[in-house]
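For this note's numbering, count along the sequence shown from 1 and bump the result up by 1.
Please keep in mind that the hints were generated in silico from the structure rather than gathered at the bench.
If you're wondering where the values come from, they're calculated on a predicted model, not measured in any experiment.
For glycine and all other residues, C-beta sits at the position ideal for the given N, C-alpha and C.
Careful, some of the hints might be misleading.
Below, simulated DMTMM-like cross-link-like pairs (lysine to aspartate or glutamate); rule was C-alpha separation at most 20 Å, straight line [as the list claims (entries may be wrong)]:
| hint | residue 1 | residue 2 |
| --- | --- | --- |
| 1 | K5 | E62 |
| 2 | K484 | E494 |
| 3 | K502 | E471 |
| 4 | K70 | E139 |
| 5 | K463 | D424 |
| 6 | K499 | E558 |
| 7 | K80 | E53 |
| 8 | K142 | E53 |
| 9 | K162 | E177 |
| 10 | K484 | E515 |
| 11 | K167 | E102 |
| 12 | K252 | D270 |
| 13 | K80 | D55 |
| 14 | K198 | E494 |
| 15 | K342 | E300 |
| 16 | K484 | D519 |
Label-pair restraints from in silico Cβ distances [unchecked claim]:
| hint | residue 1 | residue 2 | range |
| --- | --- | --- | --- |
| 17 | V166 | S246 | 28 to 36 Å |
| 18 | N319 | K5 | 18 to 26 Å |
| 19 | Y522 | E347 | 30 to 38 Å |
| 20 | Q174 | R225 | 53 to 61 Å |
| 21 | E494 | L289 | 23 to 31 Å |
| 22 | P255 | E347 | 42 to 50 Å |
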Amino acid sequence: MFKKEDLIFRDYCFGKGLMTEAQWKQFEDIVNNYGMNGGLAQSLVEFKFFSEQDIATALAEAFNLPFMKLYAETASAPKEIIPDSFLRTHRTIPMLLFGNELTVAIIDPPYHDVVEELVKLTGYRIIPVVSTVSDFQETLKIQSGGFDEIQKIASTIDLEKFDLVKGGERNIQQMETLGQFPPIVHLVDEMILRAIKGGSSDIHIEPFEDEVKIRFRSDGVLHRIASFPKRFAEGIAAVVKTKSSMDIFEKHKPQDGRIAITYETRSFDLRISVLPTMHGEKIVMRILSKSPVAIKLEELGFSVANLALFNHLLEQPNGLLLVTGPTGSGKSTTLYAALNKIKSVERNIVTVENPVEYQVETVNQVQVDVDRELTFAAVMRAILRQDPNVMFVGEIRDVETGTIATEAALTGHLVLSTLHTNDSVGAIPRLINMGIPAYWLAPALTGVAAQRLVRKICEHCKEEYQPREEVLYATGLSAMQGKVTFYRGVGCEQCNFKGYKGRLAIHEVLAVNEHIQDLIYQNATIVKILEEAQKGGFHDLRFDGLKKVIAGLTTLEEVRRVTRSGL
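Turn these sequences into a full structure, and let the hints guide you.
Here is the structure:
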């Protein structure tokens with residue numbers, strides 16, 4: 002896990018009194034459980050062993066390297082000199098090029114193998130400089146053409162200025178009279194831009210008796226953005242329906258549509274759902290990025306044990322591997338990361354999805370279109386005639402889809418798919434009740450991963466606190482009182498005063514061994530299957546969630562919010 006340079010830095014910290022051996026041992030325990038996916042520096046900062054500035058200063062002194070502020074130098078930095086995947090994987094950015102010398106920014110120790118690889122890639126002599134983690138991350142967004150491009154787009158409308166709750170009906174009427182209220186089409190455009198800039202996954206436009214409420218879903222939770230007078234409801238609906246090619250005169254039936262939109266170099270697909278309600282048409286827009294992604298399994302919050310088991314299941318040449326959970330739990334993201342893990346020129350990987358949420362290089366992706374008779378079942382049958390190695394099915398939703406997926410798994414193909422169940426063990430009776438025979442399912446099913454998304458504590462306002470005794474008792478952590486440091490976010494500008502910023506997944510991974518296969522043949526109860534799984538070391542979602550609480554990644558409240566039983 003740790004490289005030679007990491008241990009050199011450790012010993013430097015011991016010698017300077019910057020870190021104790023006990024603190025390093027505690028850090029080692031965290032790394033052994035959850036890995037060090039963001040690198041040494043980010044992990045030490047994230048778990049509060051160092052501040053950003055302190056670790057950057059210590060690294061510079063330990064390895065006799067200069068410190069550099071990056072963000073202001075971004076405009077003149079050399080572009081496209083190092084592959085984007087290398088920048089992200091090895092946390093390095095080219096900053097200056099003079100003659101035969103390339104200055105690269107790093108946040109971790111100057112690893113010998115990384116420097117050697119940079120020499121091979123560029124042909125230049127490499128000069129490392131150290132920066133802080135946040136400065137590096139903001140610069141990397143710009144260097145790799147990331148989210149920051151969209152952040153530069155200026156808003157044309159201040160939605161809060163026209164908020165009914167803040168300004169009142171009289172104020173809005175006055176602005177309308179003076180011609181200061183923006184056209185509805187501009188209002189809708191600003192909502193979409195604001196949501197995308199904020200990284201929201203959904204926009205909710207909800208008509209009520211006296212208002213039209215606008216809410217965005219961010220980090221899995223809905224937040225109110227603004228409210229407009231009820232009389233604008235029909236106009237907003239008409240604009241959205243026109244943009245998404247719906248029938249604007251049909252107001253009494255549900256409708257679905259889509260909007261394709263591009264900002265700078267990034268394209269998005271908005272999936273629109275319109276539902277008639279008592280006070281008008283409720284609209285939900287799901288925001289999907291159409292840009293190719295390179296999501297990695299290691300970045301999704303798997304514990305070391307769960308990641309190793311999931312990777313083992315992915316390495317099987319055939320079988321059915323499922324990821325389960327409710328809508329919005331990150332199932333598709335996990336499977337896209339799995340595709341990125343196993344894709345190669347030696348494998349024919351074909352997907353059938355509705356919709357195609359992300360583009361994956363070297364993978365053949367097919368989108369369901371019922372109007373053209375491209376159903377899940379029809380496409381899956383066609384895929385089986387395309388000599389596939391791996392089939393990715395967006396969702397097993399009926400007996401026909403499930404039967405074809407199971408048959409494919411039994412005939413030498415690796416089949417990846419999602420299913421809506423509360424936990425991994427529950428996928429077995431769900432498939433059997435769907436109509437898939439137990440004698441087919443038992444030899445076909447290789448594993449099931451279940452997951453939920455929890456919000457991460459904001460690193461900018463993270464503080465220690467002691468949960469109430471009754472909360473610790475309810476979560477089974479009463480024995481930890483006084484022995485473990487718990488954290489929470491108090492709220493700051495960086496997290497919009499929520500105390501949370503970003504999300505990570507909690508997982509449980511069930512591997513179907515011979516004993517569980519026998520129980521499936523016998524139509525055994527969930528309890529018996531769970532007991533057998535636990536004999537093999539299976540741990541449930543709550544267990545993984547509590548480990549992430551103890552590691553300081555999330556809070557007890559978040560784990561209680563997304564998991565059942567005593568939590």
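Looking back at the numbered hints, which does the structure fail to meet, lowest number first? 2, 3, 5, 7, 10, 11, 12, 13, 16, 18, 20
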